[in-house]
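Engineer: Generate coordinates for the entire structure from the input sequences, incorporating the hints supplied.
Protein chains in written order, with numbering that gives the first Met the number 0: chain A, 0 to 207; chain B, 0 to 80; chain C, 0 to 164.
Bear in mind the hints are in silico, worked out from the structure with no lab data behind them. Treat the hints with caution; some may be incorrect.
As the list claims (entries may be wrong) - Each pair of labels, with its calculated beta carbon distance range: (1) Pro123(A) with Gln65(C): 22 to 32 angstroms; (2) Glu61(C) with Arg66(A): 48 to 58 angstroms; (3) Ala64(B) with Ala18(A): 23 to 33 angstroms; (4) Glu72(B) with Leu11(A): 22 to 32 angstroms; (5) Glu23(C) with Trp77(B): 54 to 64 angstroms; (6) Phe105(C) with Ala132(A): 32 to 42 angstroms.
To be verified - Selected chain B positions facing chain C (Cβ under 10 angstroms, derived; list incomplete): (7) Asp26; (8) Arg30; (9) Glu33; (10) Leu35; (11) Val36; (12) Cys38.
Beta carbons are placed, not taken as given, at the ideal position from N, Cα and C, and that holds for glycine.
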Amino acid sequence: MVTQLLSPEDALLVEGLRAGDEAAFVAVMRMYGRGMLRVAEMYVSSRAVAEDVVQEAWVGVLRGIGRFEGRSSLKTWLYRIVANTAKTRGVRESRSVPFSSLGDGGDEGTVDPDRFIGSGERFPGHWAVPPQAWAPEGRLLADETLEVVEDAIERLPPAQRAVITMRDVQGFTSEEVCNALDLTETNQRVLLHRARAKVRSALEEYMR
Amino acid sequence: MRLNRELACQEVVELVTAYLDDALLPDDRERFEEHLVFCDGCQNYLHQMRGTIAAVGRVRVELPAELQEKLLEAFRGWREA
Amino acid sequence: MIAYKFLAPGAVAPFTGFHWPVGEWVAASGRDQCRQGIHACRIRDLPLWIHAELWEIELAGEIDEQPRKVVAERGRLVQRVTGWNEGLAAEFGRFCAARTRERVGFLPVGSGYVGDVDRFVATGRIPIAGFAAARAAEWRDGPGAYEEEREAQAGWLAERLGLGE
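Structural biologist: This is the structure we're talking about:
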């Protein structure tokens, strides 16, 4: 009996999964599959292992779906199972990487300092080489541009990649990401900030 | 000599994510917007950031086909059991 | 309370994109006043928020006077201040340039500021011309001079536009 706490979409998906409905399976995979893989990649050493983790986590999902009470959203529940499975696997591999090092670390700014006027000049910290307006705007919508973006995301460190996928590709709220990945809001935002800055930078190169 | 009156662009770019999340404290938000009033560079930067987010939103997100196959098999197996 | 509001062309709020109706009361929503309140300028705030259109706005409800703006529960655009247009903005820029030249033009680094303000005015970038003029004043004479410069700018705007009369 699916509880009233779930959103209507979530409730439908959960009922569908419980009933063995393949359309529900496809929908869940389309919405959350890639994100689940990205979460797994945060904790283990390789893509192959991450795929194993997703398979293992999926077994856990199927085992637990009957008992799922809907106190958290479906996506949060799914991602937590993946994260927990991945962490256990990561520990078994003796790869317990402290979370803070999963970003690219440091307090450096996200924009090349050479872009700004140096101290001792008249407007220190202001743009020396200001960003230009991207025109024509239609180019941002082209398929080729999408490849640049996907490539930039692939090259991100795992934690940044997971957060930008969940926030900007899959539309999770800040709170949902924090709950699923057990992050503080600040940490989550720092990861998102760095990820977006790198993608923007790649796009800026491309859009010249 | 840095005169600490308003934000400089180098600081503004580090606040963009918090600004878009509506997570800046009121004072910082005001200084951020005040800076944008006169700074085309940062206006463009914010605009580029919004464009980036929109572009990221269009990224395709399928699982690798083989992995999805395996998950489907597991699903069918579980269903039959 | 009567105050002023700079908007983008078409009476659009520059940051939120909100389309302001004319003559109708608009209320802030939500409890966090600074995020949701109606923002407006007193005369002294005008130079900080320069944009394409200037409007007179009537404010009502609880009004919070902050260092660089006022925030009210409700606001109603009364009328457009038609004196504010590109031509006057350019004049304002030249006013800032003249003051900068007078204050720092004869100093070695100061002439750099003069060049900056001139360049901004020549390219129609008026808000930053005002900022640079105030910054140049501060560079030469300290933080008090920044405020002084902004006050002079506000005074010029009020006088030329006939505000507060």
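Engineer: Of the hints stated earlier, which fail here?
Structural biologist: none
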